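Enquirer: Residue numbers (my numbering), protein chains in the order written: chain B, 1 to 208; chain R, 1 to 327.
Hint data in this document are derived by calculation from the structure and do not stem from the laboratory.
Derived SDA-like pairs (lysine to any residue); straight-line CA-CA distance at most 25 Å:
#: 1; chain 1: B; residue 1: Lys-64; chain 2: R; residue 2: Pro-9
#: 2; chain 1: R; residue 1: Lys-11; chain 2: B; residue 2: Glu-52
#: 3; chain 1: R; residue 1: Lys-39; chain 2: B; residue 2: Arg-122
#: 4; chain 1: R; residue 1: Lys-11; chain 2: B; residue 2: Arg-122
#: 5; chain 1: B; residue 1: Lys-59; chain 2: B; residue 2: His-84
#: 6; chain 1: R; residue 1: Lys-81; chain 2: B; residue 2: Gly-172
#: 7; chain 1: R; residue 1: Lys-81; chain 2: B; residue 2: Glu-168
#: 8; chain 1: R; residue 1: Lys-39; chain 2: B; residue 2: Leu-67
#: 9; chain 1: R; residue 1: Lys-39; chain 2: B; residue 2: Gln-53
#: 10; chain 1: R; residue 1: Lys-81; chain 2: B; residue 2: Gly-106
#: 11; chain 1: R; residue 1: Lys-58; chain 2: B; residue 2: Asp-105
#: 12; chain 1: B; residue 1: Lys-64; chain 2: R; residue 2: Tyr-6
#: 13; chain 1: R; residue 1: Lys-58; chain 2: B; residue 2: Gly-121
#: 14; chain 1: R; residue 1: Lys-47; chain 2: B; residue 2: Glu-52
#: 15; chain 1: B; residue 1: Lys-66; chain 2: R; residue 2: Asp-50
#: 16; chain 1: R; residue 1: Lys-11; chain 2: B; residue 2: Arg-72
#: 17; chain 1: R; residue 1: Lys-58; chain 2: B; residue 2: Glu-168
#: 18; chain 1: R; residue 1: Lys-39; chain 2: B; residue 2: Glu-52
#: 19; chain 1: B; residue 1: Lys-90; chain 2: R; residue 2: Asn-2
#: 20; chain 1: B; residue 1: Lys-90; chain 2: R; residue 2: Asp-123
#: 21; chain 1: R; residue 1: Lys-155; chain 2: R; residue 2: Glu-200
#: 22; chain 1: R; residue 1: Lys-47; chain 2: B; residue 2: Gln-53
#: 23; chain 1: R; residue 1: Lys-11; chain 2: B; residue 2: Ser-57
#: 24; chain 1: B; residue 1: Lys-90; chain 2: R; residue 2: Val-42
#: 25; chain 1: R; residue 1: Lys-81; chain 2: B; residue 2: Gly-175
#: 26; chain 1: R; residue 1: Lys-39; chain 2: B; residue 2: Pro-55
#: 27; chain 1: R; residue 1: Lys-47; chain 2: B; residue 2: Tyr-94
#: 28; chain 1: B; residue 1: Lys-66; chain 2: R; residue 2: Arg-8
It should be emphasised that the depicted structure is a prediction, and the values quoted were computed from it without experimental measurement.
Residues per chain are reported as follows:
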Amino acid sequence: MNAEPESGSSHDDSRRTFLKQSSLLTALALVPGPVISAAEAKLDERVAESIEQVPLSLKVNGKKVKLSVEPRTTLLDLLRENLHLTGTKKGCDYGQCGACTVHVDGQRVNSCLSFAVMHDGREITTIEGLASGDQLHPMQEAFVKHDGFQCGYCTPGQIMSAVACVREGRAGSEGEIREFMSGNICRCGAYSNIVAAIQEVKKGGQKV
Amino acid sequence: MNAFQYIRPTKQQAAIDAVAKDPQAQFIAGGTNLVDLMKRGVTTPQKLVDINRLPLAKIERSTNGLRLGALALNSAVADDKQVREKHPLLALALNAGASPQLRNMATVGGNMLQRTRCAYFYDTTMPCNKRQPGTGCGALEGVNRMHAIFGFSDKCIAVHPSDMSVALVALDATVQVSGPKGSRSIPFADFHRLPGDTPEKDSNLEPGELITAVDVPDGPFTRHVHYQKVRERASYAFALLSVAAALDLDGNNTIKAARLAMGGVAHKPWRLTAAEQVLVGKPATEETFRQAAAVAMQGAKAFKHNAYKLKLGPNAIVQALKTAAAA
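So that you can see chain B by itself, here it is in the shape it has in the complex (with noise of 0.2 Å):
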């Protein structure tokens, strides 16, 4: 099999027919890889049109999305695979870690526990749509400064909690913060940075 990918993107026409008519375990064996990819796009496609699609409005950190998704599509899945907004973490699937979080008009959620097709028409801000621009925003500022952190996996959850915590007005003690944000674990362990820049954060009382 050649490895090489074949130069400049486009298939000719000649290629298509043959990937249609011969059986997808023989093209795979014979095609580079940009060539795999359409044939698995197709099948895709094919297993797709026995499955009821649903027509999806979003507005994902301020821009106007439409498609079609499966219902049994999960927010978490649609944001990552679709949308390619892979800054939400799929951490246990299960609605137990919240590295997930995201939010939904304004509300903390976890997305991994919610079909999108539920949101439709709704306004979801991940993690990319929190810094505007090249200016952080002031939780990410925190966290930075605070070293809320050490493999990163679980923070673009704790930050998206972290803001509404502070959006909530469940940030006013140690114990609050740490009560308010108990829905969103860290393996390594960096609990005590993270309730330190939530603090510095409410303290310095900026708009959040």
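Got chain B; can you put chain R on it based on the hints?
Expert: Structure of chain R alone, referenced to chain B:
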């Protein structure tokens, strides 16, 4: 996850009809438990009827209390000014459950209808009469640390996981439901059921019936209340055992009225009416609370791994009552 059809009716009757006529259809509201169950293959509905666009999210005054719409979010109820003033016990119980993110999704009706967290129910390779009737109970002879000490059967020893429901049963709430045969009211204490021979049924809802609201009557329990939740970490964990306690005290520290219920001990939120009667008319002292706790625990029976609940139960009751009295 299995594929399913999805509809989002805007009329209550359309939603009820869709589920009533299709045994493979289910309502979905917050989805915090149902999506989890679907991912694991524990529940495999072929149609989901999304009820989130029905106008059932209001929290409002009713003739003699508060009416919580079935779609009111757990966070909205916990933060509601009227709830905090009139029913602080409910706010405490709600905030003891789940995490802020989950409370922003979970609804009043969905909280009541969440399934047990028994590990055998979730593990599709294990026997479970609740998940698959007739396969046996894995917990009976298995790891039963989290399981029931009251009201269980040889078919199921699972517990109901809701915190909110423990407060609502203590507060004498009433559940409003609508179904294919019309509307009816169910006293909260009769809403959930014991497992008996049919543990697959958690509640007394009929097929197609939809919870529309929960009514919480006004009462004197606006100050001396406490929700004592014992769990394996400080927050964001299901209860090993919990106690909802509410007292009405006169100027001499005598108990005029009392409400007591436990969570994490039975297949339904466990109201302790006999123990309440012990409290009424007595001074609000530890001695009184110990007497009530002893009555509350009558009939409790432990399995191999949950005998600790027989000691934890009365201690948690006493602690809850002491904290409530001092509040």
